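Asks: Chains A and B supply the protein sequences, listed in that same order. Quick note on numbering: the first sequence equals residues 588 to 787 in my numbering. Quick note on numbering: the second sequence equals residues 588 to 787 in my numbering.
Calculated from the structure, these hints are not laboratory results. Please note: incorrect hints may appear among the correct ones.
No copy is singled out in the list; a pair is fine if it fits within one copy or between any two copies.
[Stated by the list, open to error] List of simulated lysine-lysine pairs, BS3-like, C-alpha gap at most 25 Å:
#1 K611 - K750
#2 K665 - K611
#3 K665 - K750
#4 K678 - K611
#5 K750 - K597
#6 K714 - K597
#7 K597 - K678
#8 K755 - K665
#9 K611 - K755
#10 K714 - K678
Only a predicted model underlies this, so the values are computations on that prediction, with no experimental measurement involved.
Number of protein chains: 2
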Amino acid sequence: MEYFPPALEKLVEQFARLPGIGRKSAQRLAFFTLSLPEEEVEVFAQSIQEAKRSIALCPVCQNLTEGDGLCPVCASEKRDGRTVCVVADPKDVIAIERAREYQGQYHVLHGVLSPMNGVGPDDLHIKSLLGRVSQGEIEEVIMATNPDTEGEATAMYLSRMLKPFGVKVTRLAYGVPVGGHLEYADDATLMRALEGRREM
Amino acid sequence: MEYFPPALEKLVEQFARLPGIGRKSAQRLAFFTLSLPEEEVEVFAQSIQEAKRSIALCPVCQNLTEGDGLCPVCASEKRDGRTVCVVADPKDVIAIERAREYQGQYHVLHGVLSPMNGVGPDDLHIKSLLGRVSQGEIEEVIMATNPDTEGEATAMYLSRMLKPFGVKVTRLAYGVPVGGHLEYADDATLMRALEGRREM
Chain A
588 MEYFPPALEK
598 LVEQFARLPG
608 IGRKSAQRLA
618 FFTLSLPEEE
628 VEVFAQSIQE
638 AKRSIALCPV
648 CQNLTEGDGL
658 CPVCASEKRD
668 GRTVCVVADP
678 KDVIAIERAR
688 EYQGQYHVLH
698 GVLSPMNGVG
708 PDDLHIKSLL
718 GRVSQGEIEE
728 VIMATNPDTE
738 GEATAMYLSR
748 MLKPFGVKVT
758 RLAYGVPVGG
768 HLEYADDATL
778 MRALEGRREM
Chain B
588 MEYFPPALEK
598 LVEQFARLPG
608 IGRKSAQRLA
618 FFTLSLPEEE
628 VEVFAQSIQE
638 AKRSIALCPV
648 CQNLTEGDGL
658 CPVCASEKRD
668 GRTVCVVADP
678 KDVIAIERAR
688 EYQGQYHVLH
698 GVLSPMNGVG
708 PDDLHIKSLL
718 GRVSQGEIEE
728 VIMATNPDTE
738 GEATAMYLSR
748 MLKPFGVKVT
758 RLAYGVPVGG
768 HLEYADDATL
778 MRALEGRREM
């Protein structure tokens with residue numbers, strides 16, 4: 588006996604493809620969607636199509652932006668064009684913006700070097716970064732890839748590529764996280780925190 | 588500084604409305620959706636619209652079905668029309684069908700009596716159940732609402748409504764779950780399991 592009408596089954600399958608959504612959760616989401624008024628379902632479906640259609644990459648920093656123009660950061664006159672922060676992912680831009688500390692621009696690689704997964708330099712937005720730096724206005728490039736093996740290797744690789752342009756290349760500080768507990772910090776982090784200690 | 592392009596923000600908001608999806612998960616789902624090829628995004632959005640448009644309630648048992656006809660269970664000649672299993676939710680039909688034991692028909696209430704949440708008898712599909720029973724072909728009504736306070740109260744209420752029709756009203760057996768551990772069973776379940784003990 589078929590339990591689900593085919594259209595419902597198809598919707599469940601679509602939800603189950605999303606990351607972190609198993610079949611059980613997908614069923615819950617599908618039933619919830621069916622329980623919404625018709626207008627709201629329409630808004631939901633359209634916002635999916637709209638987002639895909641209207642969101643593009645900023646031609647300068649490769650961050651997500653709406654339409655064909657510059658992203659809000661690149662378009663803003665308040666942002667300092669002499670500093671560029673290199674991140675792996677648009678989500679990382681959001682994380683850094685949330686700290687409300689950084690006033691420079693960004694460059695989004697859309698990934699990290701990962702030979703195991705077949706991701707090489709040509710698969711990342713590296714050429715456009717070198718193009719930006721070669722114009723001579725950028726004074727400092729901050730490597731803000733993740734502090735893991737691949738992020739580290741990507742930062743090392745880029746740093747070697749950028750040095751010939753005579754630009755300053757820096758890396759985010761390592762150390763114990765604010766609000767954390769020393770007893771839970773791993774050895775590598777503690778070692779880096781000691782190495783990087785500063786006078787008070 | 589606005590971090591998200593408006594179309595992306597709107598998509599995140601839509602995902603965040605789904606049950607069990609917080610803002611952080613919604614962001615992950617939105618980014619994943621953007622990363623899909625255009626055709627697949629289209630399929631996803633259309634399956635949402637399709638499901639809402641094509642799924643209706645079976646005119647007999649009120650279970651979800653596609654189009655205007657009977658649901659597969661009501662349409663099947665193999666199912667025994669003398670037994671009706673009353674459940675709160677279409678999901679419960681699926682759970683019971685999965686057990687491959689039940690050969691009768693269903694009736695879906697689409698909720699349970701819940702005075703606290705303002706759900707009274709008129710908000711559930713009770714009239715259509717009484718209508719079915721009044722036709723005289725149904726011999727047994729199995730109450731398969733959830734074994735919680737509201738499910739229990741709903742079963743009691745319906746049982747009282749159905750008795751005048753001279754129909755047999757039964758309730759799912761209570762007991763320890765198969766594969767469970769006695770030490771983790773709560774007192775009420777153990778008490779019911781003892782009460783309902785059967786000769787081996």
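Asks: Flag every earlier hint the structure violates by its number, smallest first.
Replies: 1, 2, 3, 5, 6 and 9
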